[in-house]
Each structure stands twice: as structure tokens, then as C-alpha cells.
Amino acid sequence: MKQFGTIASSKENQIISFPESIKKEQFKFAKFQWHNRQKQLGGKGKPASKNAVKYYKKLAKYHARIASQRKDFLEKITTELASYYKHICLENLNVKGMMQNGKLAASIARLGFYQFRQRLTTKIVASGGSVVLADQWFPSSKTCHNCGHITRDLKLSDRIYNCPNCGTVIDRDLNAAIVLSQYGEVNQKARVGCTRIYACELEGADSPG
Numbered sequence: 030m031k032q033f034g035t036i037a038s039s040k041e042n043q044i045i046s047f048p049e050s051i052k053k054e055q056f057k058f059a060k061f062q063w064h065n066r067q068k069q070l071g072g073k074g075k076p077a078s079k080n081a082v083k084y085y086k087k088l089a090k091y092h093a094r095i096a097s098q099r100k101d102f103l104e105k106i107t108t109e110l111a112s113y114y115k116h117i118c119l120e121n122l123n124v125k126g127m128m129q130n131g132k133l134a135a136s137i138a139r140l141g142f143y144q145f146r147q148r149l150t151t152k153i154v155a156s157g158g159s160v161v162l163a164d165q166w167f168p169s170s171k172t173c174h175n176c177g178h179i180t181r182d183l184k185l186s187d188r189i190y191n192c193p194n195c196g197t198v199i200d201r202d203l204n205a206a207i208v209l210s211q212y213g214e215v216n217q218k219a220r221v222g223c224t225r226i227y228a229c230e231l232e233g234a235d236s237p238g
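One gets our numbering by counting positions in the sequence shown from 1 and adding 29 to each.
One thing to keep in mind: the hints can contain errors.
Said to hold, decoys possible - Computed beta-carbon distance windows for the label pairs:
| # | residue 1 | residue 2 | range |
| --- | --- | --- | --- |
| 1 | Thr108 | Lys87 | 31 to 39 Å |
| 2 | Val82 | Val198 | 51 to 59 Å |
| 3 | Arg181 | Asn80 | 23 to 31 Å |
| 4 | Glu41 | Trp63 | 36 to 44 Å |
| 5 | Cys176 | Lys87 | 30 to 38 Å |
| 6 | His178 | His64 | 18 to 26 Å |
| 7 | Arg66 | Thr108 | 37 to 45 Å |
| 8 | Ala96 | Cys195 | 39 to 47 Å |
| 9 | Lys57 | His178 | 40 to 48 Å |
| 10 | Pro193 | Gln62 | 37 to 45 Å |
| 11 | Asn65 | Cys176 | 50 to 58 Å |
What the hints assert, rightly or not - Quick list of in silico lysine-lysine cross-link-like pairs, BS3-like style, CA-CA up to 27 Å:
| # | residue 1 | residue 2 |
| --- | --- | --- |
| 12 | Lys100 | Lys87 |
| 13 | Lys60 | Lys152 |
| 14 | Lys60 | Lys87 |
| 15 | Lys105 | Lys152 |
| 16 | Lys53 | Lys86 |
| 17 | Lys57 | Lys100 |
| 18 | Lys60 | Lys40 |
| 19 | Lys53 | Lys83 |
| 20 | Lys40 | Lys53 |
| 21 | Lys40 | Lys105 |
| 22 | Lys152 | Lys115 |
| 23 | Lys79 | Lys100 |
| 24 | Lys90 | Lys100 |
| 25 | Lys60 | Lys90 |
| 26 | Lys115 | Lys57 |
| 27 | Lys86 | Lys52 |
| 28 | Lys105 | Lys83 |
| 29 | Lys40 | Lys87 |
| 30 | Lys57 | Lys40 |
| 31 | Lys53 | Lys100 |
| 32 | Lys184 | Lys100 |
| 33 | Lys79 | Lys90 |
| 34 | Lys86 | Lys60 |
| 35 | Lys52 | Lys83 |
| 36 | Lys87 | Lys115 |
Just so you know, these hints were derived from the structure itself, not from any lab. Remember, it's a predicted structure, so these values are computed and weren't measured experimentally. Beta carbons are placed, not taken as given, at the ideal position from N, Cα and C, and that holds for glycine.
Take the sequences, apply the hints, and build the full model.
Spelled out as C-alpha cells, the structure:
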């Protein structure tokens with residue numbers, strides 16, 4: 030996943046990208062695992078060899094570096110968003126369910142969705158703002174922001190949203206972010222009379238609905 034999320038607001042639309050440092054570290058980590066895929070690493074009652082011990086130590090260092098870089102990225106981006114936006118709508122992602130998807134599990138774990146939501150919510154509320162969480166079954170990716178039509182058969186691989194009802198053609202993540210913005214605006218008006226909302230659609234995070 031090259032992008033972390035997409036933001037839609039009345040001021041601008043914005044893509045949040047991962048820092049190059051994280052991408053490079055993840056690439057090095059994947060390369061390291063690939064080169065060592067044939068090593069005998071112990072287990073099943075067998076003691077770990079010296080090479081296995083070295084491997085696990087280096088593996089732990091990679092994990093620690095990536096975790097540190099991710100934490101730094103999340104702190105910086107949530108601070109920036111909290112200082113710029115007062116009201117935000119986020120998807121209440123079913124991270125546990127998404128982790129069961131073998132193809133996405135590793136990427137989702139590296140993204141830190143839960144930490145992002147937790148830190149952003151804390152900072153927004155502390156600054157006097159508010160956060161609306163869209164229901165995890167709300168079909169933001171499948172709903173047309175222009176006419177409200179729901180495309181039930183939209184696949185995760187479909188990166189462009191083509192509405193069969195009104196003909197709207199738009200980037201899938203941007204469409205979902207705008208839909209979340211509309212969802213948040215309605216809910217904020219109902220709760221606190223807010224007239225403006227901002228949304229972040231996390232890359233690759235599909236609602237089941």
C-alpha cells in the first residue's frame with residue numbers, strides 16, 4: 030500500500046502518503062525475509078542454530094525500526110490534521126476482520142489504523158473538535174457521492190468508481206472520502222449543529238457493505 034489515506038473537505042482534497050523512509054525499510058525487511066526463506070531456524074523440538082539466532086535478532090531490529098518510524102509518522106500526521114481540521118469523520122474499520130484476509134493482513138498490520146484513529150481522536154477532542162465514526166458496515170466505497178447509488182458488485186481491485194446510475198467517474202478512495210464527509214456532516218448537524226466536516230478514507234480499507 031503506497032498511500033495511507035485520502036482526505037475530502039470543502040477546502041481541498043488531499044492524499045496522505047507514506048514517508049519514503051518507511052517504504053524503504055519495509056522493502057529491505059521483505060528482501061531480508063526472502064533471502065533467508067530456506068534457512069533452518071529450529072522449532073519442532075530442534076534447537077535454533079547460531080545462524081537462526083542471528084536471523085531472529087536482525088528480524089527484531091527490523092520490526093523495531095519500522096514500528097518506531099510508523100509511530101513517528103502517525104504522531105506527525107495526526108498532529109497536523111488536528112491543527113487543521115476541527116471536525117472529522119472516520120470509518121469505524123473492522124480491523125480484526127480485515128486481518129483475516131491473508132493478502133491484506135501484513136499490510137494492515139504495518140499501517141496502524143487503530144493507532145491512527147486513537148491518536149487523532151484524542152488530539153481532535155483535546156482541541157475542542159469532534160469525531161464522527163461511520164458504522165463499519167456503511168458502504169462508503171460502494172456509494173456514489175453524487176447520486177447516492179450503491180454499486181454492490183464493486184471489487185477491491187476496482188480503483189476507479191464508475192457509477193452506473195449517474196455516470197460519475199472518480200478515484201475510488203476520493204469518492205469514499207467524500208461520501209464519509211457527507212455522512213459526517215449529516216450526523217454532526219444532528220448532534221451539535223456543525224455545518225462542516227472532513228473525512229479520511231484509509232487506503233485499501235473496504236467496508237463489507
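Okay, the hints, checked on the actual structure:
1. Thr108 with Lys87: 31 to 39 Å: 32 Å, holds
2. Val82 with Val198: 51 to 59 Å: Holds: the Cβ-Cβ distance is about 55 Å, inside 51 to 59 Å.
3. Arg181 with Asn80: 23 to 31 Å: 52 Å Cβ-Cβ, so the 23 to 31 Å window is violated.
4. Glu41 with Trp63: 36 to 44 Å: 40 Å, holds
5. Cys176 with Lys87: 30 to 38 Å: Given range 30 to 38 Å: violated, Cβ gap about 53 Å.
6. His178 with His64: 18 to 26 Å: The hinted range 18 to 26 Å is violated for His178 and His64, with Cβ atoms some 49 Å apart.
7. Arg66 with Thr108: 37 to 45 Å: 39 Å, holds
8. Ala96 with Cys195: 39 to 47 Å: 44 Å, holds
9. Lys57 with His178: 40 to 48 Å: The hint (40 to 48 Å, Cβ to Cβ) holds, given that Lys57 and His178 are roughly 44 Å apart.
10. Pro193 with Gln62: 37 to 45 Å: About 42 Å separates the Cβ atoms of Pro193 and Gln62, which means 37 to 45 Å holds.
11. Asn65 with Cys176: 50 to 58 Å: 52 Å, holds
12. Lys100 with Lys87: 20 Å, holds
13. Lys60 with Lys152: Between Lys60 and Lys152 the Cα gap is close to 36 Å, so the pair fails against 27 Å, i.e. violated.
14. Lys60 with Lys87: 13 Å, holds
15. Lys105 with Lys152: Within the cut-off at roughly 11 Å; holds.
16. Lys53 with Lys86: At roughly 20 Å apart (the allowed maximum being 27 Å), Lys86 and Lys53 satisfy the hint.
17. Lys57 with Lys100: 19 Å, holds
18. Lys60 with Lys40: 41 Å, violated
19. Lys53 with Lys83: Distance ~22 Å between Lys53 and Lys83 Cα, so the pair holds.
20. Lys40 with Lys53: 32 Å, violated
21. Lys40 with Lys105: Since the Cα atoms of Lys40 and Lys105 sit roughly 21 Å apart, the hinted pair holds (cutoff 27 Å).
22. Lys152 with Lys115: Holds - the C-alpha atoms of Lys115 and Lys152 are around 10 Å apart, at most 27 Å.
23. Lys79 with Lys100: 32 Å, violated
24. Lys90 with Lys100: 15 Å, holds
25. Lys60 with Lys90: Holds, at roughly 14 Å.
26. Lys115 with Lys57: 38 Å, violated
27. Lys86 with Lys52: Holds - the C-alpha atoms of Lys52 and Lys86 are around 21 Å apart, at most 27 Å.
28. Lys105 with Lys83: Given that 27 Å is the threshold and the Cα spacing comes to 33 Å, the pair is violated.
29. Lys40 with Lys87: 45 Å, violated
30. Lys57 with Lys40: With a Cα-Cα distance of about 38 Å, the restraint between Lys57 and Lys40 is violated, given a limit of 27 Å.
31. Lys53 with Lys100: 16 Å, holds
32. Lys184 with Lys100: 31 Å, violated
33. Lys79 with Lys90: With Cα atoms ~17 Å apart, Lys79 and Lys90 stay inside 27 Å; holds.
34. Lys86 with Lys60: 16 Å, holds
35. Lys52 with Lys83: 24 Å, holds
36. Lys87 with Lys115: Not OK: Lys87 and Lys115 at ~42 Å, beyond 27 Å, violated.
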